[in-house]
Every structure is written in C-alpha cells, then in structure tokens.
Amino acid sequence: MSVVSSHQVRLLVVDDIEDNRNLLSRAFGNRGFQTAQADSGKAALTLIEQQSFDVVLLDIMMPGMDGIEVLKRIRATHSSIRLPVIMVSGRISGMDIKLALDLGANGYITKPIDFSVAFALVQSHLAPKRDGVTPVAQNQSSRDGNGGLPRLDTAAAQRPDRLLVIDDDASICTLIGKLGEKAGFAATRAVSLEEATRLLRAQRYDCVTLDLFIGKNSGIQVLKVLAEMACTTPIIVISGSMSSMRDLAAAIGNMLQLNLLQPFPKPIDFAKLRTTLAGVKEKLELQRHTEPAAGDAVSPR
Amino acid sequence: MDVDTTVFDNLVAEIGLEDAQQTFSIFISETDDRLKRFRQLSCDKDRDAIKQEAHGLKGTAGNFGLRQVSELARKLEQDAATIMSGAYEATLRSLETSYATARERVVKLAT
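The listed protein sequences derive, respectively, from chains A and B. Numbering-wise, the first sequence is residues 1 to 301 according to the working numbering. Numbering-wise, the second sequence is residues 1 to 111 according to the working numbering.
Treat the hints loosely; a few may be bogus.
Stated by the list, open to error - Across the chosen pairs, the derived CB separations fall in these ranges:
id	chain 1	residue 1	chain 2	residue 2	range
1	B	T101	A	Q257	47 to 57 Å
2	A	V117	B	L17	18 to 28 Å
3	A	T275	B	R93	37 to 47 Å
4	A	A230	B	T97	49 to 59 Å
Just so you know, the hints here were simulated from the structure itself, not pulled from any lab data. For each residue, glycine too, the CB sits at the ideal point set by N, CA and C.
Produce the entire structure from the sequences given, and follow the hints as far as they go.
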C-alpha cells in the first residue's frame with residue numbers, strides 16, 4: 001500500500017459529544033491532518049456542501065439525524081471513492097456493520113477507538129483516492145501476488161516475538177499491549193475466552209499475559225487450554241481478585257508444567273510489568289543465539 | 001482525592017505521551033459504556049452481571065488512578081449477591097457522581 005502523506009488531508013469529525021470530537025481531532029491533528037468538526041448530522045451535511053473534505057469519521061448514535069441517515073445523504077451526492085466515510089460506533093453487531101457497508105460506508109470503527117487502527121483505516125481509504133484505483137484493486141496489489149492471500153511466515157526466526165494479551169477490559173488490554181510493544185514484542189489482544197482460545201490454537205506466542213477474571217473467572221479455562229497444549233510459553237497472570245488467585249492455586253496441580261511467572265496484582269505496576277516483559281524478551285533473544293535451530297523459541301512442546 | 005494523576009505521569013514515562021493519551025481515552029469510553037450498562041441491570045435478576053461489571057470497573061478505575069470510583073466498585077462487587085434495589089440505586093448515584101468529577105480531570109489529561 002502506498003503511504004499517503006497526511007499533510008493537508010481534510011478530515012471531518014462528526015459526533016454529538018464534544019469530548020469524542022476533540023479526542024479524534026487531536027489524534028488526527030497530531031498526525032498532520034487538517035480537521036473540522038460537526039456536532040450533528042445536519043451540521044455535517046452543511047459543511048460537506050460548503051467545503052471540500054477528503055474523509056469523514058461519522059458517529060452513528062446521534063440525536064436527530066443519526067449517522068446512517070447522514071451516510072445515505074452523503075452517498076446521494078458523493079461516491080465512496082470521492083468521499084470515504086468511516087463509521088464510528090459502540091455498536092458492534094454484524095447487522096449494524098453490514099447495514100453501514102451496504103449503504104456505502106468505507107469502513108467501521110468500534111468504540112473504544114484504537115487510534116492506530118483508525119489512522120490505518122483512514123490511510124487505506126485515502127490511498128486509492130489519490131492513486132485513482134478502487135479499494136479492491138489497491139488491496140489486491142498489496143498482497144504480493146500470492147493468489148490474493150496474505151503471505152505466510154516461512155522463517156520463524158525473522159518474525160518478531162509475539163505477545164498475546166488476554167483481558168476483557170479494552171483499556172487494560174491496550175495498556176499491557178503498549179507496555180509489551182515498548183519491551184520489543186508484537187502484541188495481539190484478546191478480550192474473551194473464545195478469542196484467546198482461537199488465537200492460542202492458531203498461532204505460537206512467545207509470551208502471554210492473562211487476566212484471570214475474564215467473564216466468569218474463565219482465565220483458568222485459558223490456562224487449562226494451555227496445559228492441554230503442553231505449552232511452555234512464559235505466562236504472566238494478572239488479577240485484581242484474591243478469589244481468582246485462590247482458584248488458580250487450587251487448579252495449579254494440573255498445570256505444574258506451565259511456565260507461570262510471578263503473578264501481577266491490579267492495579268498494575270507499569271514499570272515492573274514492562275521490566276518483566278523486557279526480561280522475557282531478553283531471554284528469548286539469548287535462547288535464539290544459543291539455540292539457533294530452535295528458531296521458534298517457546299511454544300507447544 | 002478523586003484522581004491520582006501520578007498514574008498518568010507514570011504511564012507517560014513508560015509508553016510515551018501519545019500512547020498514554022490513547023490508553024486513557026479508551027478507558028474513558030469504556031467506563032462511560034460500563035456505567036450505562038449498570039443502569040440497564042437489575043439487582044433482582046442480573047446479580048452476576050453486576051458483580052462482573054463491578055469487578056471490571058474496580059480494576060480499570062484503580063489502574064487509571066480513579067481511587068474513589070475503584071473503591072465504590074469494590075464495595076458493589078462485594079455486595080452484588082445481596083444488594084437491594086434502593087441501595088443499588090444509591091451506589092450507582094455515588095459512582096456516577098464520583099466518576100463525573102474524575103472524568104473531567106482524566107479527559108484533560110487525555111487531550
């Protein structure tokens with residue numbers, strides 16, 4: 001994908017809540033976007049009629065004219081290439097996403113917003129506009145002629161060390177992910193037992209942080225899955241609940257083979273957790289140097 | 001003290017200003033939604049869900065320095081199995097008031 005310069009890109013942020021508008025405007029403004037704000041669907045349509053924008057971030061849940069109605073009216077006069085519209089909402093059902101996309105939305109961001117995702121999504125829809133190609137063609141050209149499929153990692157040694165962060169609170173998940181990234185990991189986040197199990201079965205991770213109290217104490221279930229896989233990946237258990245820790249202690253008999261590191265209580269000591277993650281990373285690198293053939297480091301036995 | 005602002009400073013020291021602001025803004029959005037969900041729950045039939053939400057709020061609020069909110073959430077988690085509707089309503093009001101004050105300060109940090 002070609003990188004689009006964000007200079008002079010005009011972004012319209014539409015949201016009835018001032019704090020939300022300011023947060024988005026600031027995040028994109030910091031990346032060089034020129035931003036404008038509208039506090040209602042009607043105000044947004046007026047601005048779009050009077051001024052030229054390159055992309056719109058459009059909240060769905062607004063009093064009066066909601067984002068879906070605004071989207072319909074935008075699409076009556078602007079194509080999805082001429083004016084990309086990214087929907088923003090706390091709604092996460094597949095039906096809502098499908099409806100917005102069917103009506104011509106270019107993308108969909110759920111709240112709480114991950115700004116790096118929002119920025120990447122906006123960039124991806126600006127690129128085809130600048131290049132004069134459709135988003136589909138642009139996506140295909142970025143996939144290395146591999147029959148439209150993403151390229152698979154063939155050399156484990158070339159991949160970054162992977163950290164899986166399992167926590168059902170998005171803010172904590174993001175926080176730990178960022179600490180992991182600062183320690184040199186590529187972080188993936190899982191916010192449910194199901195997602196964590198699917199990811200763990202699909203891919204090897206080099207370190208896992210696990211909130212014991214996800215859903216109904218299902219962090220223990222994640223440990224059982226890891227034990228079944230005879231996984232030796234270092235696991236950092238995080239919990240704000242002593243009862244969860246007692247459950248862990250009771251269950252630990254069947255999980256002795258797991259590589260459980262010192263657990264962390266909540267509130268998390270940021271510096272200590274980053275140091276621990278950096279220590280794991282250092283060990284992985286040392287292991288890689290001393291056992292080059294092992295390549296993929298820790299993982300299922 | 002509603003908010004321990006040293007938490008934000010510590011986070012900036014670890015992950016940088018922009019990432020700290022992003023993380024705090026996610027926390028604000030997540031907590032706004034969580035407080036709305038509390039209002040939709042009934043202490044007659046949703047006790048498990050109340051306990052679960054209170055546990056989550058206790059952890060996240062504590063982690064982002066909202067000590068009073070965290071403490072109120074801890075109490076709600078502890079009482080979730082037996083709390084009556086009047087007390088639940090009063091607890092929610094206290095939580096909302098405490099969070100509203102703290103939120104203002106957190107939004108300033110995150111912007």
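Inset, instruction - List in ascending order the numbers of the hints, as given earlier, that are violated by the structure. - result: The structure breaks none of the hints.
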